[in-house]
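Engineer: Read off the chains here:
Protein chains: 2
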Amino acid sequence: MRTTLPKFDSVFSIDCVIFGFDEGELKILLIERNEEPFKDWWALPGYIVEQDESIDDAAERILYELTGLRGIYMDQFYTFGDVNRHPQGRVITVAYYAMIRLNGSKDLKPISNYASKAVWIPVNDLPKLAFDHEKIFNNGFDKIRHKISYQPIAFELLPEKFTLTQLQHLYEVILNKKLDKRNFRKKMFNYGILKELDEKQKGVSYRAAKLYKFDKRKYARLFQKEITFGK
Amino acid sequence: MRTTLPKFDSVFSIDCVIFGFDEGELKILLIERNEEPFKDWWALPGYIVEQDESIDDAAERILYELTGLRGIYMDQFYTFGDVNRHPQGRVITVAYYAMIRLNGSKDLKPISNYASKAVWIPVNDLPKLAFDHEKIFNNGFDKIRHKISYQPIAFELLPEKFTLTQLQHLYEVILNKKLDKRNFRKKMFNYGILKELDEKQKGVSYRAAKLYKFDKRKYARLFQKEITFGK
DNA sequence: ATATAATGTGTATTATTTACACTAAGTAAT
DNA sequence: ATTACTTAGTGTAAATAATACACATTATAT
Chain A
272 MRTTLPKFDS VFSIDCVIFG FDEGELKILL IERNEEPFKD WWALPGYIVE QDESIDDAAE
332 RILYELTGLR GIYMDQFYTF GDVNRHPQGR VITVAYYAMI RLNGSKDLKP ISNYASKAVW
392 IPVNDLPKLA FDHEKIFNNG FDKIRHKISY QPIAFELLPE KFTLTQLQHL YEVILNKKLD
452 KRNFRKKMFN YGILKELDEK QKGVSYRAAK LYKFDKRKYA RLFQKEITFG K
Chain V
272 MRTTLPKFDS VFSIDCVIFG FDEGELKILL IERNEEPFKD WWALPGYIVE QDESIDDAAE
332 RILYELTGLR GIYMDQFYTF GDVNRHPQGR VITVAYYAMI RLNGSKDLKP ISNYASKAVW
392 IPVNDLPKLA FDHEKIFNNG FDKIRHKISY QPIAFELLPE KFTLTQLQHL YEVILNKKLD
452 KRNFRKKMFN YGILKELDEK QKGVSYRAAK LYKFDKRKYA RLFQKEITFG K
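Those protein sequence lines, which keep their order, are chains A and V. Per this note's numbering, the first sequence starts with residue 272, numbered consecutively. Per this note's numbering, the second sequence starts with residue 272, numbered consecutively.
For identical chains, the list gives no copy identity; a pair is met inside one copy or between any two copies.
Pairs of lysine-lysine residues, derived as DSSO-like cross-links and limited to a Cα-Cα distance of at most 30 Å, are as follows:
#1 K489 to K406
#2 K487 to K406
#3 K487 to K414
#4 K458 to K484
#5 K473 to K432
#6 K418 to K458
Since the hints were made in silico from the structure, they are not lab data.
Assemble the whole structure, with the sequences as input and the hints as a guide.
Structural biologist: Next comes the structure, spelled out in structure tokens:
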């Protein structure tokens, strides 16, 4: 009977699907790999978990190394553990998604050296990816599509102040579906998590829309219950 | 720059929350551990993933070793990767839940030797568990509670033929909530995934209820769409 | 002033969810 | 065979949520 842990060549890594919403397009952050295997391929940002860090910490670190951002909304969504998913050995990867506010920010210079660059690429225009990263991306995209229909995570992708049209466009992009303006607004107002501001859009060449903020307190209260199954 | 995988003492394991429904109670299968650490403690069935098996395969193997069953509904739900969750080294664990039909079957003799026994224990009456297994269980329970509200996974727990009252009791136990009989039936019939049989319950000391079967084909059709967000 | 382009608003219809209580059928005991 | 018991099985009205659908308003630009 085994009383100590076995030692075989196994490691675990983190891969991140980092979503951003910019100029009406949903994008993810991809890196160009700077090391073998798949050197020079596009890939999801990810790396091996250090021995003394939790997987959540590793996910945050990787995000930080690539974007310089901390305290971002991240969720673990699935772990990929097929035997041959990594050509150099047994590597299982825990996948996270993150959502960040882009605000028209440019491509980033990664702090890490495992990536030669990091670029925002529209989800509808992704290149071939290293490893099983396409599968990981698809799985992550499905997850946020599902989640957005019962939790308004969309706010994480928008600037602090946003218009309802921007919010609707984001929903449309994620759900890949046109929505009705009046019904959409009714639904959002009914959630009661929008704070109307005394402010309007600026710099647009047409009628400026009202700006709104997201009310985190009410949000938290609303989605504690989450699941409803009446009497 | 690193070009090969690092080798430090890391392994990954699988833990399973195996649900069963028996005599109106929701239960999970626990083992009594037969090896250190936590020898003689209660724990979730789980073990280290072999080098040449995928994590999904490992989950199925572990379930098989404990129950003798194959082809059971299983879903990966979360990966736990805190640094110190295992006293002997760095072990992350990928958690799965499974649902099996109990049919009043007795406790099982495990085929494996890492467990001295395996016992069905009501979820409302769990002992202290080894490692972080309480956290894992709670997380898994939350997941099925969530999932049952949009996919009728409850059928996986019931015998092939069941009464509506049994089905309702199962929902009530999982949701921890009384449901209204008429509304519940209406809802279930509306799904259109119940096949009414020409048969009744036997061996009960009161009016026997009609038996139903679950229509897998209609189920699959119904839950392909899954998410709805109207026009 | 005028054209332009997006904002912002209401109502009727339908479907879904909820609340609620009694009769019917079979079993068991006498 | 009657009776008592226990669970099965059923309908309707009210409230809420979801859907379909079109035009006047407002700010900007010329």
